[in-house]
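Participant: Given next are the chains, with one letter for each unit.
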Amino acid sequence: MKNVIALLCGLMFGVGLAVSGMTDTAKVLGFLDVSGNWIPDLAFVMGGAVCVTLLAFRLVLRRAKPLLSASFSLPVNKAIDSRLLGGAAIFGIGWGIYGYCPGPALSALLYLDLKTAVFMTAMLLGMVLANRVGST
Amino acid sequence: MLNYTTPLIGGLLIGTSAVALLLLLGRIAGISGIIWGAVSAAPDNSWRWLFILGLLVGPLLYHTATGTPYPAPSSLQWWHAVVGGLLVGFGVKLGSGCTSGHGVCGIGRLSPRSIIATVTFMATGIATVYVVRHVLGGL
Chain A
202 MKNVIALLCG LMFGVGLAVS GMTDTAKVLG FLDVSGNWIP DLAFVMGGAV
252 CVTLLAFRLV LRRAKPLLSA SFSLPVNKAI DSRLLGGAAI FGIGWGIYGY
302 CPGPALSALL YLDLKTAVFM TAMLLGMVLA NRVGST
Chain B
11 MLNYTTPLIG GLLIGTSAVA LLLLLGRIAG ISGIIWGAVS AAPDNSWRWL
61 FILGLLVGPL LYHTATGTPY PAPSSLQWWH AVVGGLLVGF GVKLGSGCTS
111 GHGVCGIGRL SPRSIIATVT FMATGIATVY VVRHVLGGL
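For the record, the sequence lines run as chains A and B. First residue of the first sequence: 202, per this note's numbering; consecutive thereafter. First residue of the second sequence: 11, per this note's numbering; consecutive thereafter.
It is worth saying that the hints were derived from the structure and are not from the lab. All the given hints hold, so there is nothing to weed out.
Okay, derived cross-link-like pairs now, DMTMM-like style, lysine to aspartate or glutamate, Cα gap no bigger than 25 Å in a straight line:
| # | chain 1 | residue 1 | chain 2 | residue 2 |
| --- | --- | --- | --- | --- |
| 1 | A | Lys-266 | B | Asp-54 |
| 2 | A | Lys-228 | A | Asp-314 |
| 3 | A | Lys-228 | A | Asp-242 |
| 4 | A | Lys-203 | B | Asp-54 |
Could you build all of it, start to finish, from the sequences and the hints given here?
Facilitator: Below, the structure written as structure tokens:
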């Protein structure tokens, strides 16, 4: 049952990314190009998603536990430190260079553009490198 | 012309998916964390691979069912994909999250960490596009 739920949630998320335009790097870069030929449309993606989570997460997290699992798995780290800020800053630079963040890149893989596969491979390598740096 | 309908519908679907995952399985729909957990063989991993399978197949369902063509392939160079991918991967792992984990879910939980992370990566994303397009002339 849990696996079916995970698959359905992934499908809904993937459809959402494709419907929204987030799997189109040209649109994403146009959205980030605020001083040029700005395409503001994609603000509604994050806006729409955050409206739902802001309202519904409050209700969900009032529960003692999730419906199909023993407990909520929430991030415990509260530190606002150089890792958080540096990591987020580096992520944004990469996002601005190619136009993909992790979800859309993964969702666009089966469009079978080889450059997306190259991006994903480089992304996984970047994660491994950060994991090495982080553990020293 | 502003097209907000499909971005809004997409955003609502993404938000609803994140709420369902939290309500039912108690998990945060942070894609970078799910990918990392999947490839690093975290315990209790089958839900991650199935979520990823859904992410892969969902767009194909959408494009097939509606007859919407795939987005045009990127016109950027190969090195953009390599450098962009490396920085995205390094950054999301170091900063513990991406647009979905920090942006959609973290802001939804009103997490100060996530709000600051989201403002930061939006700012450097915008600054990067500005520098690449308007200072360096497109590279």
